[in-house]
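Protein chains in written order, with my numbering: chain P, 1 to 473; chain G, 1 to 473; chain C, 1 to 473.
It is possible that part of the hints are untrue.
Remember, identical chains collapse to one label, so a pair may be satisfied in a single copy or spanning two.
The calculated lysine to aspartate or glutamate pairs, modelled on EDC-like cross-linking and capped at a C-alpha distance of 20 Å, are [claimed, not checked]: (1) 273 x 262; (2) 329 x 353; (3) 344 x 295; (4) 5 x 451; (5) 22 x 11; (6) 244 x 167; (7) 273 x 217.
Don't read these hints as lab results, they were simulated from the structure.
Below, each chain spelled out in residue letters.
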Amino acid sequence: MKKFKLSLPEDRYFGPDPRQKKIARRLYDRVAHLPLVCPHGHVDPRLFADPNYTFGTPAEMVIMPDHYAFRMLYSQGIPLEKLGIPRADGGAVEPDHRKIWQTFAENFFLFRGTPTGMWLAHELYSVFGIREKLAAESGQRIYDQIAAKLKSAEFRPRRLFEKFNIEVLCTTDAATDPLPHHQAIRASGWKGRILPTFRPDGVVNLNMAGWKKNIDDLSEVSGIEVRNYRSYIQALENRRAFFKAQGAAATDHAATVPYTAELSSAAADTILKRAFQGKATPEDAVRFTGHMIMENARMSIEDGLVMQFHSGSYRNHNAAIYQRFGLDKGCDIPVRAEYTENLKPLLNKYGNDARLTLILFTLDESTYARELAPLAGHYPALKVGPPWWFHDSLNGIMRYREQTAETAGIYNTAGFNDDTRAFASIPARHDLWRRVDANWIAGLVVRGVVDMSDAEEMIQDTAYRLVKQVYKL
Amino acid sequence: MKKFKLSLPEDRYFGPDPRQKKIARRLYDRVAHLPLVCPHGHVDPRLFADPNYTFGTPAEMVIMPDHYAFRMLYSQGIPLEKLGIPRADGGAVEPDHRKIWQTFAENFFLFRGTPTGMWLAHELYSVFGIREKLAAESGQRIYDQIAAKLKSAEFRPRRLFEKFNIEVLCTTDAATDPLPHHQAIRASGWKGRILPTFRPDGVVNLNMAGWKKNIDDLSEVSGIEVRNYRSYIQALENRRAFFKAQGAAATDHAATVPYTAELSSAAADTILKRAFQGKATPEDAVRFTGHMIMENARMSIEDGLVMQFHSGSYRNHNAAIYQRFGLDKGCDIPVRAEYTENLKPLLNKYGNDARLTLILFTLDESTYARELAPLAGHYPALKVGPPWWFHDSLNGIMRYREQTAETAGIYNTAGFNDDTRAFASIPARHDLWRRVDANWIAGLVVRGVVDMSDAEEMIQDTAYRLVKQVYKL
Amino acid sequence: MKKFKLSLPEDRYFGPDPRQKKIARRLYDRVAHLPLVCPHGHVDPRLFADPNYTFGTPAEMVIMPDHYAFRMLYSQGIPLEKLGIPRADGGAVEPDHRKIWQTFAENFFLFRGTPTGMWLAHELYSVFGIREKLAAESGQRIYDQIAAKLKSAEFRPRRLFEKFNIEVLCTTDAATDPLPHHQAIRASGWKGRILPTFRPDGVVNLNMAGWKKNIDDLSEVSGIEVRNYRSYIQALENRRAFFKAQGAAATDHAATVPYTAELSSAAADTILKRAFQGKATPEDAVRFTGHMIMENARMSIEDGLVMQFHSGSYRNHNAAIYQRFGLDKGCDIPVRAEYTENLKPLLNKYGNDARLTLILFTLDESTYARELAPLAGHYPALKVGPPWWFHDSLNGIMRYREQTAETAGIYNTAGFNDDTRAFASIPARHDLWRRVDANWIAGLVVRGVVDMSDAEEMIQDTAYRLVKQVYKL
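Starting from the given sequences, assemble the full structure and let the hints guide the process.
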């Protein structure tokens, strides 16, 4: 029955060289139990606002909210309906969560060698105490085990938050969000630190669905009627102040291309007014976003919020899936990126100002050694964020270190963030990061690049200290 | 004399860690003797049509048909004439094959650390029983040994095909090819499975030399007079049906850029008519090819032929060599590729249809993790083909696995193909693939990513099962 | 106190596998003491012209001339003024070199895992005999030790040159430089071989600051009044002849993009005349440079000077730093590169001519396997230069070998050059290269790719023979 046994080797992801493995283990042991700092992610704050929130069925917890999980099954021809993914038109999808789980179990072999496979193994083993591999034969037994756990008080989000040893968890929230859940959490007296993050994409990206509605919402929540560029900026500054008062440490910005260039206020005003009339062109949208990235850098210098910039994802590439199921269904695909020229306006204006912290995330690894590490190894304002999305993986983290550390050093990087919607995967993701970094640093020790004393500082820096320092948490 | 001994270590390409090496060996042993499935390559079917076909001299078998071999000598200033490569104008080249072989032997050190060096070592050792390294001093002795073997009945192509344990070998054939050799092979009663592959580039790429002649040939072989877009499509469908009846499993398409976009029939007709008049522009050619890639996807959905798409090679980069010696002389050079935007029209129209199997090949490794793995990890129709051309190598295969497996999984890849013109190199190429994959999977085992039971499934999948399944062989 | 001990492990950068490490050590030992051949770098020839030249303070030797060193501190918010970097306007900077050194010492941990950290450890340990790690606590003691050494006759540049076992050192010199220091060195009777390199960028790149002044200088030093394209070419040929007579082995050319295309003499003349009038457009500059790259290839075929081409650096990206401190202050940032199409005109005209040696340097590693190795593995004139700038590092060299050797072989590469301004770092840089190559080749041995006899040839080739052969030194 060994074939079906789920194991989680104590020295997984280390090695293979025995001496490197031993040192990696020693380094990992120094940081394995440090608290988890989560400065960027997509966990719903609602989970913590209601002390009695429950995760639902195993399928509702593990499969349905996680596009990493269901995209792989979709790629093999399994319709999303069969996995219970809700349709935009409210049409019928598989209602039987045991059946959904069974489909997942039967296809779990697809995740061999993938980060999702590694995270889920960790989650099943450590969070749910599962000891057999997920497969067709074991699917229903494992469903029963998880379902039983999810019913217990131990598995309420607040209890898991404490059990996971999370020091702080930042959510990502629209600029127009009144943050009721964050307020409810604070009002409840619960000690868990759940902070909002200011994400203005919905009111910045003129070509985003619902932009005009978002502007109306912005007027309402800010109490500033947005009718021109001046009031638009005022409203945004108002919201940043509100988020900051609610504990926000950072902002987050997205664009397909990391283009930056300043417009005159008059030019920005003209574009904005075209947008109000529904007449903004695609080029307007690009120019306006490029300008607003710069404006937000200015605001960050003024209010101290750390600025995150995620670029390079072509959103909703698969039109049929987008129409049928909506956003975030596993069909965002990376595109090539260019930073040296695109960021020059921003960096020339604000990059020498140490009051700004700008953290860059990329989906184009070819820019690590070529552009991001050289830029971050020079401009005081710039840090390279951890490997993002598809690259948050065993090999992805190794490539990141090998391609950024020599030019940027580790001290121009920003520690780790889990970026997840799947709350229960948080410990697995941080553990993977800490293990891979421990192994990477151990590799430097066995090759005589750093000594053990430096290595012990480095692992504490990359596992815990840097992220707190860079995000000012 | 150890210095001159040719050896082929039993555990080559594994390791270096002893535990990983041991597991790799165990995995490799499970698949080392499985039959070879060859779904894509450029072996001439003539070899098998005539039961008495002989390979000629050692130079004719090993050097002259293999641009991987002679390009390296050319790069060091040795004229192709000196290697017996036939000139387009029929002018004189070195006639003495012993001399050609000697030049090759004297320069064989150039292949240290290269896949050609590895394949030739395997071929010389295993196919020809050579036990000394190819060098100036040993050149003539080795020539004698090979020449003697090539004269024996054991070294007829059909006998080698059986000895190599080839289960199926697919050739690549122009859409206008009447496939006489494939028909002769079947008529002969010989059991070897040699299948044609439908390659319509010569009638699709309007700017290809000889396009008009190819269209005339298309009219003739199809019996459909091609005079407009409608009859053009009919003729192509006729040829696909013919190829399918002759056993074809797949089609193959080439373009410098993987551009796809649909034209109206009227627009396609206009371009085609300009081409008939010799007035097609370069832009016409790009647009027409981009449209025909989509049309062939439609046809594949209808007739079930697997679709292969090879893009990113700048053909005949060296004009002087092209004029003097013609195609395929080692001067095709890769260019940067972009898939996310280029393939969107095709994938949006046909990518969700599981009846389509579209296998992508790239020469731009920076797209593995950035574009190809994310696309193949989402669209049901898409598979990532094995490392192509320069990247079919020890390091190239490692990079491919490390950069695609985490996001696409191995089950969205298409196994191996040898893509070779050099028939005798087939076992060496498949063996290298199986060894590197065994070592890669062993690396996952020693790092605790997969267990041994999964590893044993995986190696059988990547070495044998997947290629049969994806190509429906 | 072990925590503070500086060590330099004898088998550093090898391994970690013990068998690979042992073979790497054996290979390294064969070449560790071979003379250093330095065909490209930026050491000031003045150092050797005056036999009593001294390096000044430790800060003047180690920090202030080395943008690799001070850029990292700048990236962490330490102003360049605080590191004593001279301002363009002559304004005040930190005058106390002990204080500068202390700032450096306190921040030396930033270099953990970086090549600068490795080079400096080597330099401090081997050149200056330091035995404790540079840190806040040890800073002043180490300053004293270095300062004492720098005062001794042992530490004059000529003595270090001999102690370093440098066989030849090539400097990089403007086309208009009358080379007084090189002449003084030869006149002095000192045996050290210091050769100039012809770098015409200042008179070729029309948009470079000071171009017109440089043209006037060119007229003066050549004795040919440059007033049209014809006399411009004559003057350049005159200077090449002068450099060659002074011992130059090579030329060096820079461009942001490796664009090449020939202009008619009339078109070149028109552009040149526009430039004389200060009316050249940016496009003129690109076209003229692209043309002059081709012209210099022609001249190289005629006079035998080896041609080096460094492209892909966006110079002076940080306008504020450039204005305040000038060139070469750590704010040159790489950009994406494309060679296949850009170099086609040059390679089609001159690439088949074995009299030309064109060595390409890149900052875009994604071109190694995709473009540079395929090009160099075909065109007789082409060689791939060693990893440049940010990529001259432990991982950078490994990536270079793993991504070029399989397609280009090692015999289409050009050995090593240190490219440094920091004279005392030369032994460290060559030693790192030799170690990483020894380890790479040992990796081929343990995996059965090459045998020990080939490996011993290869390490001698890459450490010493190839660079002499390619640069004709």
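- Item | Structure versus earlier hints, numbers of those that do not hold, lowest first | Of the numbered hints, all hold.
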